[in-house]
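In case you want the letters, here they are:
There are 2 protein chains.
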Amino acid sequence: MIKVIIIGSGNVAQHLINAFQNEEKRENGIELIQVFSRKKESLISLLPLDKITNQFSELLTADLYLIAVSDDAIEEVSNALPFKNRLVAHTSGSAPMTVLNSSNRRAVFYPLQTFTKNKAVDFKTIPICLEAENDADFELISKVGKLISDQATAINSEQRKALHVAAVFVNNFTNHIYQIGNDICNEHQVPFAILKPLIQETAQKILELTPEKAQTGPAKRNDQKTIEAQEQFITDENQLNIYKILTQSIQNNGKKL
Amino acid sequence: MIKVIIIGSGNVAQHLINAFQNEEKRENGIELIQVFSRKKESLISLLPLDKITNQFSELLTADLYLIAVSDDAIEEVSNALPFKNRLVAHTSGSAPMTVLNSSNRRAVFYPLQTFTKNKAVDFKTIPICLEAENDADFELISKVGKLISDQATAINSEQRKALHVAAVFVNNFTNHIYQIGNDICNEHQVPFAILKPLIQETAQKILELTPEKAQTGPAKRNDQKTIEAQEQFITDENQLNIYKILTQSIQNNGKKL
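Those sequence lines, one after another, are chains W and F.
Residues 11 to 267 (the numbering used here) make up the first sequence, in order.
Residues 11 to 267 (the numbering used here) make up the second sequence, in order.
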């Protein structure tokens, strides 16, 4: 059994706790032996109380310590660990591996997904991006990654930065675009729900087609008449600005081909 | 049986042909009696040749004529129809009902979905937005809509304009955002496929949460350190511009709350 300790109690930590506990039911897998949380009570629905500690000095000996805290807190937490030369990984998409204190063996274990409180996710479908300072440690985190996910891949710090920026686009920005769609519907008393099948199909298409092949709409067709009519229709300055910039970007893209 | 004729042979026309032909297998439904296409050969894989015409003068008598052609061609096609006082609907999201020649009874039958050639869609899940000049005609297109879809809704021309603008955001702009994600991955030799589960989850979330509740990421958290690092990481001027504007838009949105 690989003994794992999770440090943190936020969304990522809680989803990892669930994933590891599901895995424990199988043999030869992972044993989640302890979780560190400043506020013990935030985890009592997930774990028996004796598995939770709020003291760094009480941390047990484990094969892998996973720091699942906010980016800003990773360094501080890694400095606070009261041991040396153990395997410590953070779970962040944007922090470099080197943010971790070098007195321990460093690694990254980054599950690339958007985690929402109280919304279950199937960890098996989540790509886990792995990096480690040495081969033996990479083997270990790779084994852990493969036990909870179907897709565990070596990704170096530079690639992970790129992935995280791309993830901000396809997740955070896409969701904001949904919100603009929602705002436009509200303004004109149309139920946003009417757009939900279109949103699903847009996401589904990308599983079969490249985004370039999947691109449709007035900007792609250079349908200037519709573009101008829509620009006149939009009353909000910010929405109009985004409409113009994304329309332009689609049109310029076409020219590059 | 309600007799329907489709005019057009593009993506929307072909998906409607399939939807109506599936419906014909049930009783008391729709009979697709004819399709008009300038190029007969473009439809021979879908229909028997004797159901296809390329002459307006050969159009049969039907309860409903559905014009599924590009927005620019709707007016010309509706002017070319060699009959009066029959029910004629276009299938466009952006054209007003009044673009149709007033010598026939006018309506709109707009399936709100993105149609891709050779990619089947389940028409049952597609919202159909309906408008007609008089109640009896509305009843008829509503019956047709409900036979092929689970969601057929009255939407006036102003609401349809809003929906179409919102659809450009959530479909065309979202897909373009996917493409930027793809471009960033390519630039840094990371497989775009790693982002696909995230894209699916982002779309799925919207089925349960409002876009506002679903919003996450550095902009939402006002994580200025990550935002600045990502702005420095992005090398393409256009990508950087879009990053800044959408980040700003998310941050301003937060202030409104």
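Hints are computed from structural coordinates only; laboratory data are not their basis.
Do not rely on the hints blindly, as some may be mistaken.
Copies of the same chain look alike in the list, so a pair counts if it works inside one copy or between any two.
What the hints assert, rightly or not - 30 Å max Cα-Cα, derived DSSO-like pairs, lysine-lysine: (1) Lys50 with Lys230; (2) Lys206 with Lys61; (3) Lys230 with Lys13; (4) Lys235 with Lys153; (5) Lys223 with Lys134.
Going through the hints against the structure:
Taking the closest pair of Cα atoms, Lys50 and Lys230 come within 30 Å of each other only across two copies (27 Å); inside a single copy the shortest separation is 53 Å, beyond that limit. For the homomeric pair Lys206 and Lys61, neither the shortest alpha-carbon distance inside one copy (42 Å) nor that between copies (35 Å) is at most 30 Å. With identical chains, the CA atoms of Lys230 and Lys13 are never at most 30 Å apart, being 53 Å at best within one copy and 35 Å at best between copies. In this assembly of identical chains, the alpha carbons of Lys235 and Lys153 never lie at most 30 Å apart, being 56 Å within a copy and 33 Å across copies at closest.
Taking the shortest Cα distances, Lys223 and Lys134 sit within 30 Å of each other both inside one copy (29 Å) and across copies (25 Å).
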